[in-house]
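*Asks:* These protein sequences, in sequence, are chains A and B. Following our numbering, the numbering of the first sequence begins with 22 at its first residue and continues without gaps. Following our numbering, the numbering of the second sequence begins with 45 at its first residue and continues without gaps.
It is worth saying that the hints were derived from the structure and are not from the lab. Since the structure is predicted, the reported quantities are computational estimates derived from the model, not experimental observations. Warning: the hint list may mix true and false statements.
Claimed, not checked - Covered by chain A, per the in silico footprint, the following chain B stretches (three or more residues, Cβ under 8 Å):
id, region
1, 88 to 95
2, 98 to 104
3, 113 to 124
4, 132 to 139
Idealized CB from N, CA, C, for every residue including glycine.
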Amino acid sequence: MSSTTVTHAPTERRSPSSFVRQGWVAPAAVATAAVGVMTYLGRVSPYAPGNYPTCPTLAVAGVYCPGCGALRTLHDVANLDLVGAWGMNPLTLLALPLLVGLWVAWTRRRVTGRPRTWLAPPWAMHLLLGVVLVFWVLRNVPALAPWLAPGGLVAPAFGG
Amino acid sequence: MSTPTDPQDPYNTQPPSSGGYGAPPPPPPVQYGAQGGAAGAPPNNYLVWAILSTLFCCLPLGVASIVSSTQVNSKWAMGDYAGAQDSSEKAKKFALWGAIAGAVVIVLYLVLVVGLGVFGSTLETTY
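All chains, please: the whole structure from these sequences, using the hints.
*Replies:* Okay, here's the thing in structure tokens:
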């Protein structure tokens, strides 16, 4: 056999602090922040004008971006209104389980100290990219606004 | 005389496949030095950051992030481990810029709207 010394792949960089190096600290901090954000969004409504900034893409171009309506979706999720959440930004609603799943996988890696062993197949990543781009275009088509635009309202640049 | 028997190898440079030559075939070239072959953990594709920038911050950065994330997975699947590592670094950069841009947007909003009252009554919708 050839003498290939199999070195370990570079492990994830850890913070120098021994407290932070404990695996569960960072996931717990992220979970706390997420709960905090959801609580705030659930109480301070993005439906009311002036509470949050307008999406820069919408403000500048008058076109919905794939994220327009995301804050209102989170507000509705926080208040357990899944129908309302879907009506504002279905992509965000679908992304939430994915984000939770990625958080679980990350937490498991941190706690067990085991490195990443799996990457999603490329087709899944291309599908994700395609869905984002197609969603972006279609939600600006006035005929499809009732299903894909935030609140079913046609984008301003297209006569909304 | 010694006539070459193999038309593909007129100068007999290849050792016979079954025969007394003692030299073993050279080891396959190690092409992806840093990773030492197929071993090692897949690199981070920073997909979470890509999704967060796309949905909550800055569309161009978000799409660029997703493209970089996709390249990480594609190159890794093709066996291009060094390329996957490069794309991972790129995805990390986009993630960082997305986070910075998000923070800038929030701070600008707080300063302009909350602090100075600019656009006070003109904001009718929020996103």
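*Asks:* Taking the hints in turn, state whether each one holds.
*Replies:* Outcome of the hint check:
Given a C-beta distance limit of less than 8 Å, the hint that chain A covers the region 88 to 95 of chain B holds, as 5 residues qualify and 3 suffice. With 6 residues carrying a beta carbon less than 8 Å from a beta carbon of chain A, the region 98 to 104 of chain B meets the three-residue requirement, and the given coverage holds. Residue count for the region 113 to 124 of chain B with a Cβ under 8 Å from a Cβ of chain A: 7. That meets the three needed, and the coverage hint holds. Residues of the region 132 to 139 of chain B lying with their CB closer than 8 Å to a CB of chain A number 0, which falls below the three-residue condition for coverage.
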